[in-house]
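Q: Below are the chains, spelled out letter by letter.
Number of protein chains: 2
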Amino acid sequence: MEINIQKRVLEANENESERLKKFFKEKNVFVLNVMSSPGSGKTETLVKTLNRIMPKIRTAVIVGDICTTNDADRLQSTGADVTQINTDKFGGDCHLAAHLIESTAKEFDLERIDLLIVENIGNLVCPAEFDIGEDARTVVLSVTEGEDKPLKYPLMFRLAHSAILNKIDLLPYLEFDVDEAENNIKEVNPNIPVFRISATKEQGFDPWIEWLEKMVFSKISK
Amino acid sequence: MEINIQKRVLEANENESERLKKFFKEKNVFVLNVMSSPGSGKTETLVKTLNRIMPKIRTAVIVGDICTTNDADRLQSTGADVTQINTDKFGGDCHLAAHLIESTAKEFDLERIDLLIVENIGNLVCPAEFDIGEDARTVVLSVTEGEDKPLKYPLMFRLAHSAILNKIDLLPYLEFDVDEAENNIKEVNPNIPVFRISATKEQGFDPWIEWLEKMVFSKISK
Numbered sequence: 041m042e043i044n045i046q047k048r049v050l051e052a053n054e055n056e057s058e059r060l061k062k063f064f065k066e067k068n069v070f071v072l073n074v075m076s077s078p079g080s081g082k083t084e085t086l087v088k089t090l091n092r093i094m095p096k097i098r099t100a101v102i103v104g105d106i107c108t109t110n111d112a113d114r115l116q117s118t119g120a121d122v123t124q125i126n127t128d129k130f131g132g133d134c135h136l137a138a139h140l141i142e143s144t145a146k147e148f149d150l151e152r153i154d155l156l157i158v159e160n161i162g163n164l165v166c167p168a169e170f171d172i173g174e175d176a177r178t179v180v181l182s183v184t185e186g187e188d189k190p191l192k193y194p195l196m197f198r199l200a201h202s203a204i205l206n207k208i209d210l211l212p213y214l215e216f217d218v219d220e221a222e223n224n225i226k227e228v229n230p231n232i233p234v235f236r237i238s239a240t241k242e243q244g245f246d247p248w249i250e251w252l253e254k255m256v257f258s259k260i261s262k
Numbered sequence: 041m042e043i044n045i046q047k048r049v050l051e052a053n054e055n056e057s058e059r060l061k062k063f064f065k066e067k068n069v070f071v072l073n074v075m076s077s078p079g080s081g082k083t084e085t086l087v088k089t090l091n092r093i094m095p096k097i098r099t100a101v102i103v104g105d106i107c108t109t110n111d112a113d114r115l116q117s118t119g120a121d122v123t124q125i126n127t128d129k130f131g132g133d134c135h136l137a138a139h140l141i142e143s144t145a146k147e148f149d150l151e152r153i154d155l156l157i158v159e160n161i162g163n164l165v166c167p168a169e170f171d172i173g174e175d176a177r178t179v180v181l182s183v184t185e186g187e188d189k190p191l192k193y194p195l196m197f198r199l200a201h202s203a204i205l206n207k208i209d210l211l212p213y214l215e216f217d218v219d220e221a222e223n224n225i226k227e228v229n230p231n232i233p234v235f236r237i238s239a240t241k242e243q244g245f246d247p248w249i250e251w252l253e254k255m256v257f258s259k260i261s262k
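If you're matching them up, the sequences are chains A and B in order. Quick note on our numbering: the first sequence kicks off at 41 and runs consecutively. Quick note on our numbering: the second sequence kicks off at 41 and runs consecutively.
Keep in mind that the hints are not guaranteed to be accurate.
[What the hints assert, rightly or not] Reference excerpt, derived from the structure (chain A facing chain B, CB under 10 Å, subset only):
id : residue
1  : 46
2  : 49
3  : 80
4  : 106
5  : 163
6  : 165
7  : 191
8  : 209
9  : 231
10 : 233
These are computed hints drawn from the structure, not numbers from a lab. Computed from a predicted model, the values in this text were never measured in an experiment. We put the beta carbon where it would ideally sit given N, CA and C, even for glycine.
Generate the whole structure from the sequences, applying the supplied hints.
A: In structure tokens form, the structure reads like this:
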């Protein structure tokens, strides 16, 4: 029963996300869906990313969390337009769905935005199943989480267009084989680019920023 | 629509878990549900825990993962009876449900088991909503994940009977305020015991083991 119910929810979301993709294309906005476990460093990565790409790329952010506006507050400090979605009022949802992104995105002045980043809810499972009208997906894995996570949560890594290995400044203190982690990512997604960074120390950002800018400018023309 | 569907699934699970609680009581087995984000160190914590409590407490483990048997292999090295549930064949479920625990638990010789530990799927959201017939819940948070997680994922921490702050050996290399993290846990769950440990370095285990043994022996009498 549960699986059939889940299928119906996913089908409804798919229809909404298809419509949303067309809407974002009309508006000439590139949408990036950023996902990870709780505490992998999505917000810190995005704060440092926004500082580098703005104002060249005019960026807005939708932040999903069950509770609190902590992440939105941090992102707002970059000067980007930021809206927080708290899913607590929708039953504590574990993912962002297309209909929520649609109603929230329409609050922005999209004519003046090139890139909409969605920082999804911290969860390596459910958000992978819900397309939210995005053009690309980036998954963040911190090196404190263990090398096997891409094999244990393969859907998330299989559907991503790029992966970030974050917190590499902690490698000297961990038994973490960063090459093995990258190999595990490539086992489920052979051609994915993997960027090794430290968001807090702002290390390794250049290739990531280059990839992101290339992706955005390949779609939009404002 | 989605919320109503979710309610029906949760109600069905609640009925099953109530039945399961009675079954475990009859069998005189204490059930502990262990939950956390991916990569917080549940498995390593349990390996070190099993080494300390067995054979005094005869323990079996059910390990939930979407894919792989990595965790089960590690736990089996302790000599405990271990069964892996891979939810991949159930649509990649993000949590363990009561009916899965019921069918799996019946494969063990429960007359010879005092404690059944369920290592849930790595996810701070969905597993909190699904009672699996457990007597107690322990949530593991690693200090690399940020102090605010109890406020962002309050249900998980509110329903827990104990919390473990893991990876404290990394504190010197992090900007992590361990007191603030503990205060945040107690903000959502004032009387919860919080154990600060390093599973890899096996530090701080005594109070945690004492709590666990006390819980188990308060219920079972074999």
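Q: Hints the structure violates: just list their numbers, smallest first.
A: 9, 10
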